[in-house]
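> Respectively, the protein sequence lines represent chains H and P. Straight run, no breaks: the first sequence in numbering that gives the first Met the number 0 ends on number 166. Straight run, no breaks: the second sequence in numbering that gives the first Met the number 0 ends on number 166.
In case anyone wonders, no lab produced these hints; they're calculated from the structure. Careful, some of the hints might be misleading.
It does not matter which identical chain is used: a pair holds within one copy or between any two.
[Said to hold, decoys possible] Pairs of lysine-lysine residues, derived as BS3-like cross-links and limited to a Cα-Cα distance of at most 30 Å, are as follows: (1) Lys126 <-> Lys109; (2) Lys38 <-> Lys148; (3) Lys24 <-> Lys133; (4) Lys105 <-> Lys79; (5) Lys148 <-> Lys118; (6) Lys124 <-> Lys148; (7) Lys140 <-> Lys1; (8) Lys97 <-> Lys109.
Just so we're clear, the structure is a prediction, and the values are computed from it rather than from any experiment.
Number of protein chains: 2
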Amino acid sequence: MKYQEAKEKFISTWGSLGSLWGINKAMAQIQALLFISTKPLSMEDVMEELKISRGNTSMNLRQLMDWGIVTKVLVSGERKEFFTTEKDVQELARVIAKERSRREIKPVIKVLNEISSIKDDGSEKTKELIKQTKALHNLTKDADAMINKLMDQKQNWLTKSVFKLMK
Amino acid sequence: MKYQEAKEKFISTWGSLGSLWGINKAMAQIQALLFISTKPLSMEDVMEELKISRGNTSMNLRQLMDWGIVTKVLVSGERKEFFTTEKDVQELARVIAKERSRREIKPVIKVLNEISSIKDDGSEKTKELIKQTKALHNLTKDADAMINKLMDQKQNWLTKSVFKLMK
DNA sequence: ATAAACTTTCAATAATTATTGAAAGTTTAA
DNA sequence: TTAAACTTTCAATAATTATTGAAAGTTTAT
Numbered sequence: 000m001k002y003q004e005a006k007e008k009f010i011s012t013w014g015s016l017g018s019l020w021g022i023n024k025a026m027a028q029i030q031a032l033l034f035i036s037t038k039p040l041s042m043e044d045v046m047e048e049l050k051i052s053r054g055n056t057s058m059n060l061r062q063l064m065d066w067g068i069v070t071k072v073l074v075s076g077e078r079k080e081f082f083t084t085e086k087d088v089q090e091l092a093r094v095i096a097k098e099r100s101r102r103e104i105k106p107v108i109k110v111l112n113e114i115s116s117i118k119d120d121g122s123e124k125t126k127e128l129i130k131q132t133k134a135l136h137n138l139t140k141d142a143d144a145m146i147n148k149l150m151d152q153k154q155n156w157l158t159k160s161v162f163k164l165m166k
Numbered sequence: 000m001k002y003q004e005a006k007e008k009f010i011s012t013w014g015s016l017g018s019l020w021g022i023n024k025a026m027a028q029i030q031a032l033l034f035i036s037t038k039p040l041s042m043e044d045v046m047e048e049l050k051i052s053r054g055n056t057s058m059n060l061r062q063l064m065d066w067g068i069v070t071k072v073l074v075s076g077e078r079k080e081f082f083t084t085e086k087d088v089q090e091l092a093r094v095i096a097k098e099r100s101r102r103e104i105k106p107v108i109k110v111l112n113e114i115s116s117i118k119d120d121g122s123e124k125t126k127e128l129i130k131q132t133k134a135l136h137n138l139t140k141d142a143d144a145m146i147n148k149l150m151d152q153k154q155n156w157l158t159k160s161v162f163k164l165m166k
């Protein structure tokens, strides 16, 4: 496999993966492109490489910046804007995990909590609803707390203590 | 909030959540309905409750069975089939995690591995591609291993040892 | 102040994904 | 073996989501 082929494969794989953890294809592909680029890219560069329109590029770059994983960089002597992505995978994972928690998990925890707190009228179906949403509420809450804690560990938590403890 | 409202809220919340961890709305809603139901439901029951067509119900029940979180149960004296879902949240989480790992994470790990193994031609861009896909490969691999290990712990790993160790 | 260089917005359109419903298929009872 | 009860399949259609491109907006250089 040559460079160009490998690069395309990486971008398309990362792109389709993206769609299943909640971000769209173009957004994931742009991030992938920046991730393996040796220098910041302009909007022009991105459009060219990925064959997507200016509007699409603009919108998705903004989203990536909202997520906090892409930043504008100023290239001296250049008028246009250049973009780069977080290059450290650990930090990347941390940012993504935190953002997903805030956007998706936290709201669900809130709703589950509301539902599990309805008044018990004594009927079997109400008891079941309360019991099951309570269980789901606790699981979600605990899993969210855990993942955040894991991701906040600075250096490689994986190969260090945590992982070993679970052997 | 009364029972009916709470129930509808639960089903719709779970339904929209579903779409962002890779299963479709109808599938997630059927699972949610079964999850809070006190007894197995027939296809008729599901169609009626969720106002979806027979075909849709049939297809999504099959998918849920493929995932291993819904099972057919025979109700004596009844001709038609009844369905029920895994009621233990921990076991549910385990099955979902395992299945996602198998369907989504493992294939990505494989591709990242392939890409990170291309021949280094000495150019800067090739070096960067190799370096970054290698980093991503390791992270994904480790995270996948960890989540599987966590999920395989039988009883409540969360409130017990693992969680405490990360304080 | 003007215009060129560049970016953003958003209505229109395209692409993708989910849903329907009816025909075909299967199972069971008699 | 027939037919009623039930389930599955799948082409057509609807709903949703992503993308385009051109007009409007902004910034910078002169």
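> Return the numbers of the hints above that this structure violates; sort them in rising order.
Checked against the structure, the hints that fail are numbers 2, 4, 5 and 6, while the rest are satisfied.
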